[in-house]
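One-letter residues, chain by chain:
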Amino acid sequence: MPSSKYLIFLGCAVPYRVSAYEISARKVLTKLGVELVEMPEFNCCGLPLDPVSHETMLILAARNIALAEQEGLNIITLCPGCAGTLKKVNRILKEDKALREQINGHLKESGLEFKGTITVKHIAQVLTEDVGIDNIKKAVVKPLTMLKVAEHVGCHLLRPKEYIGFDDPEDPKILRNLIEATGATCLDYIDETECCGAPSVGVSDKIALQLARDKLSHVKLVDAQALITICAFCHIMFDTNELRIEKLFNEVYGIPILHYPQLLGLALGIAPEELAFNELRVNASKLLQQISEGAK
Amino acid sequence: MRSYRGYLLMTENATPVVKDNMREPIRASEINPKFKYELIKQHGSEKLLKCFQCGTCTSDCPVARYSDSYRPRTILHMAKLGLKDRVLKSDTLWLCAACFTCTDRCPQDVEVASVIRVLRNLAAEEGIFPQVFRDQCESVLESGYAYKIPDLRIKKRESLGLPPLPKGNPESIKKSLKGVKFMKHMENKGDSNAKQ
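Protein chains in written order, with my numbering: chain D, 1 to 296; chain A, 1 to 196.
These are computed hints drawn from the structure, not numbers from a lab. Any given hint could turn out to be false.
Claimed, not checked - Simulated restraints, written as ranges between beta carbons of each label pair:
(1) A:161 x D:295: 24 to 32 Å
(2) A:53 x D:294: 49 to 57 Å
(3) D:133 x A:154: 32 to 40 Å
(4) A:26 x D:98: 32 to 40 Å
(5) A:24 x D:99: 33 to 41 Å
(6) A:161 x D:289: 46 to 54 Å
(7) A:154 x D:148: 33 to 41 Å
(8) D:286 x A:47: 45 to 53 Å
(9) D:188 x A:49: 33 to 41 Å
(10) A:26 x D:148: 50 to 58 Å
(11) D:288 x A:109: 46 to 54 Å
(12) D:99 x A:65: 29 to 37 Å
What the hints assert, rightly or not - Among the chain D residues that face chain A by a calculated CB cut under 7 Å, a handful are:
(13) 15
(14) 41
(15) 44
(16) 52
(17) 59
(18) 109
(19) 110
(20) 194
(21) 200
Virtual Cβ for every residue (Gly too), placed ideally from N, Cα, C.
Using the sequences and the hints given, assemble the complete structure.
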């Protein structure tokens with residue numbers, strides 16, 4: 001298996017709310033030969049403050065990139081928001097010399113400099129490009145052929161296309177291919193590429209929950225046994241809020257929401273206890289039972 | 001999901017203001033014909049003038065589907081007309097979820113979501129922004145993280161077999177952010193000038 005080495009950039013939402021994502025991602029990446037190095041220092045990627053101050057976002061993102069450059073390593077992120085922001089800023093500052101000088105003027109105050117020497121990748125991209133779908137398939141010891149699941153790619157992994165530049169945001173394949181590599185079937189459903197609603201939380205919870213509800217109802221319509229996410233915020237929207245949405249709209253979903261590394265981990269033969277299934281709000285024990293029965 | 005203090009200040013609770021703001025007749029005295037030229041100098045809204053009001057942004061917007069008032073096409077039109085005050089004081093400006101669907105589908109290559117971000121930035125510079133951003137900015141200045149991660153969570157990492165969290169270095173962050181216009185709103189803590 002090819003080896004690769006990355007600084008792991010956790011962001012804020014992962015350590016704040018979704019440790020199951022981090023636990024399972026670390027297990028899976030290590031197992032597939034991706035070496036993870038801890039960030040020596042870190043700050044918010046900048047995205048949450050972009051709406052009020054683009055300059056603040058640029059400085060915060062550039063700080064992180066500059067810190068990683070000092071270590072001489074590329075960045076892997078779990079959160080697509082962090083990945084998108086760091087990628088975009090990395091590109092803008094590499095191309096726009098005047099802006100780079102302006103931002104470096106700010107970083108100089110704390111002894112940092114953006115040079116433009118590293119790249120940033122999201123975990124889905126590392127799994128696809130560095131490890132490779134074929135190698136994942138080879139590493140699978142417990143194919144999940146008994147499972148029919150749905151995917152939720154989310155927005156920031158692929159949009160805006162101009163800055164992210166891989167896969168097709170209108171008909172994405174990246175997560176689908178990763179799911180199918182585990183042996184599971186990935187079902188189609190209405191508005192598969194739509195937003196989960198998370199960014200509207202705090203400004204309009206009502207709209208945010210409506211959007212999440214739409215997705216859950218479409219996923220239920222195709223009888224998916226689970227919904228697979230690859231983003232901390234999307235996961236919070238569906239998992240943490242599923243019960244709340246059920247109450248609010250007087251509906252029942254009962255759909256477990258798994259972080260993709262949890263699904264992959266099961267296929268790689270890692271025990272569910274090690275993949276933090278107990279951290280999920282929507283109980284996945286029935287799903288785990290179906291998998292273990294199906295495997296017999 | 002946390003309920004933010006900002007929630008009370010914005011959107012559904014302030015819907016009548018939004019409706020009045022958007023539907024009042026336009027007075028010639030409100031129009032600032034040079035506003036659009038200000039906007040096209042900013043990163044992200046350079047192509048605003050190419051917008052020909054086709055409405056792709058609004059018809060594909062997931063938020064517009066559930067909001068009575070948020071219409072990206074209307075916001076861009078108001079900005080082009082020069083209704084600066086009206087657009088900057090509008091609550092609807094803050095409803096964009098930044099999913100970038102409008103940006104990716106605009107037939108004129110206008111970065112619609114970025115134009116909205118530029119308008120939000122201008123409003124924020126004047127002190128008009130939802131509380132949730134003040135909370136997150138305060139948290140970044142205090143800890144480096146956008147959310148205040150409880151000590152219990154940080155301690156729990158060890159029992160979960162996770163390495164300690166990297167240091168946030170707030171002192172260094174504050175130094176880097178010196179001179180950023182928006183930061184003037186973060187200096188007077190407790191003096192809530194959000195959404196006046």
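Going down the list of hints, with the structure as the test:
The given range of 24 to 32 Å is respected by residue 161 of chain A and residue 295 of chain D, whose C-beta atoms sit roughly 26 Å from each other. Separation of residue 53 of chain A from residue 294 of chain D is about 54 Å and conforms to the stated range, judged on CB atoms against 49 to 57 Å. Taken as a hint, the range 32 to 40 Å holds for the pair residue 133 of chain D and residue 154 of chain A, whose Cβ atoms sit roughly 36 Å apart. Between residue 26 of chain A and residue 98 of chain D the Cβ separation comes to about 37 Å, which falls inside the hinted range of 32 to 40 Å.
The beta-carbon spacing between residue 24 of chain A and residue 99 of chain D, approximately 38 Å, falls within the hinted interval of 33 to 41 Å. Here the CB-CB span from residue 161 of chain A to residue 289 of chain D is close to 25 Å, at odds with the stated 46 to 54 Å. A hinted range of 33 to 41 Å for the beta carbons of residue 154 of chain A and residue 148 of chain D is consistent with their spacing of about 38 Å. Distance hint for residue 286 of chain D and residue 47 of chain A: a CB-CB separation of about 51 Å, consistent with the stated range 45 to 53 Å.
Distance hint check for residue 188 of chain D and residue 49 of chain A: the Cβ-Cβ separation is about 39 Å, which falls inside the suggested range of 33 to 41 Å. For the hinted restraint 50 to 58 Å between residue 26 of chain A and residue 148 of chain D, the CB-CB distance of approximately 54 Å keeps it satisfied. The given range of 46 to 54 Å is respected by residue 288 of chain D and residue 109 of chain A, whose C-beta atoms sit roughly 47 Å from each other. For the hinted restraint 29 to 37 Å between residue 99 of chain D and residue 65 of chain A, the CB-CB distance of approximately 35 Å keeps it satisfied.
Taken as an interface hint, residue 15 of chain D checks out: its beta carbon lies about 6 Å from the nearest beta carbon of chain A, inside 7 Å. For residue 41 of chain D, the suggested interface contact is upheld, since its CB lies about 5 Å from the closest CB of chain A, less than 7 Å. About 4 Å separates the beta-carbon of residue 44 of chain D from the nearest beta-carbon of chain A, less than 7 Å, and the hint is met. Annotation: interface hint on residue 52 of chain D holds; nearest CB of chain A at approximately 4 Å, less than 7 Å.
With 7 Å as the threshold, the beta carbon of residue 59 of chain D comes within range of chain A, its nearest partner Cβ sitting at about 5 Å, so the hint holds. For residue 109 of chain D, the suggested interface contact is upheld, since its CB lies about 4 Å from the closest CB of chain A, less than 7 Å. Because the closest C-beta pair between residue 110 of chain D and chain A is about 4 Å apart, less than 7 Å, the hint holds. For residue 194 of chain D, the shortest C-beta to C-beta distance to chain A is roughly 6 Å, which falls under 7 Å, so the interface hint holds.
For residue 200 of chain D, the interface hint holds, the least distance from its beta-carbon to any beta-carbon of chain A being 5 Å, beneath 7 Å.
Hint check: a violation occurs at hint 6 only; the rest are consistent with the structure.
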